[in-house]
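If you read the sequences in order, they're chains B and X.
Counted the way our numbering counts, the first sequence spans residues 42 to 125.
Counted the way our numbering counts, the second sequence spans residues 62 to 416.
These aren't lab readings, by the way, just hints derived from the structure by calculation.
Hints are not guaranteed to be accurate.
[Claimed, not checked] In silico negatives: residues of chain B with every beta carbon more than 10 Å from chain X:
| # | residue |
| --- | --- |
| 1 | Tyr43 |
| 2 | Gly64 |
| 3 | Thr65 |
| 4 | Asn75 |
| 5 | Asp77 |
| 6 | Ala86 |
| 7 | Glu87 |
| 8 | Pro105 |
| 9 | Glu118 |
| 10 | Lys120 |
[Stated by the list, open to error] If you anchor each label on the Cβ, the simulated ranges turn out as follows:
| # | chain 1 | residue 1 | chain 2 | residue 2 | range |
| --- | --- | --- | --- | --- | --- |
| 11 | B | Thr90 | X | Ser390 | 26 to 36 Å |
| 12 | B | Asn92 | X | Thr229 | 21 to 31 Å |
| 13 | B | Ala83 | X | Ala351 | 34 to 44 Å |
| 14 | B | Pro102 | X | Ala351 | 25 to 35 Å |
Note that the structure is a prediction, hence the values are computed from the model and not measured.
Here a beta-carbon is modelled for each residue, glycine too, at the ideal position from N, C-alpha and C.
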Amino acid sequence: MYKVTLDAITQQLNSIERDNGDGTITYILPDPANADYQAYLAWLAEGNTPNPYVPPPEPAPLTPQEKLAAAGLSVDELKTLLGL
Amino acid sequence: MAATLKCDTIQNASSSTANLTLDASGNATVGNTLVMGSSFKRNRIINGNMYIAQRATSATVTAGTAVPTASTGYPCLDRWYVYSTGANVTAAQVAGSGSNKNLLQITGAASVTAVGVGQRIEQLNSYDLAGQTATLSVNLANSVLTTVTWTASYANTADTFGTIGTPTKTQIATGTFTVTSTLTQYTTNISIPAAATTGIEILFTVGAQTSGTWQIGNVQLEAGSVATPYERQIYSDQLAQCQRYTYILPAAASGLYFQAIGAVNSGGVGLAGGSFPVTMRAIPVLTVSATASNYQIYLVNGGTTSSCTAVSLNGVTNTNYFLLQLAWSTTGTAGQVLWFSCSTAGSPAIFSAEL
């Protein structure tokens, strides 16, 4: 039911993910004033454990053409730059 | 003819105390409540006239009593939670009549054993009512049932009422209204105890609504023993009041709908954020579609649009600012600007800080 997520930068515990079973997911931060977090704490107190973090799939690496495009260069410009 | 009436008090013939006391300094003290043809900031109920429906204008209420929480049990109209037992019901914003533009309508179904509609007033908006008489007024109609029960409660600890099934609240008072199929205003006085400084809940319930409809509108809770006319507000003010509890990044019916701006962290991971229009009551939770590809990122330099593979809430989110954590399937350059958008109707990103 619950799964932990990690911070993209620090890789530390970020938020709690809850699958609502209706096609939606809720992300919960540790605020004691939030009833969803209170429900999570109650669930933990019952001896439950959240599922571990599953990282998203790695993106496909850029092709050389995409790298050029990302740099704002054309092949001809690159050739000129390299004196080819 | 100009004339001056000189006296110290003005008192109704049947009253034991003065209605109005005038002193030598020019002050006038009202003995009880000043009842105006219109009023301002008296109503402790938010969205009592059922105008604001950020989530949806109609939704199915799944039967159960594990609601409400910050993100569950609020099907359509802002601030109003709805629950049913026995079977699902439908909650919808419908057209009213006369000066009542909108009503909340519950449509019953076979096997339903009970339905409840309630609002939780946070401590900051109800603290001063403790130890006073308050007046509850509401417009009600029911095409099948003749009894609507009202119950007022206060939270055992500040703003923490629990769920219907596991309540953490103390009942203040309860009573019934005998209703008909004609929309009619009903009122009652409630003596709020001195201990009720932790937030107040108003809950309307009916029994076996196995068919027909139940309509609710113009709900008002105010200090004093007189039900004043419903306090109307400018729409934008009322929307802002609701956004303290729920804020939605809407989805587009077609095309991309810009929602937030951010930057690539590394590879296919980035962050996008923005400010909430009003300070939220608590750090909100975020509800998004489980289908992450309903959301997209657009890498500005390079013009690449990619479907997300994950959308979550970053831990730096607070009551004033949100930060989304995004992953997608193509590689970006660290620091590259991105836009976060949604192209699928019905997949809004919902921030909830309800009670």
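Checked against the structure, which of the hints given earlier come out wrong? 2, 3, 4, 5 and 13
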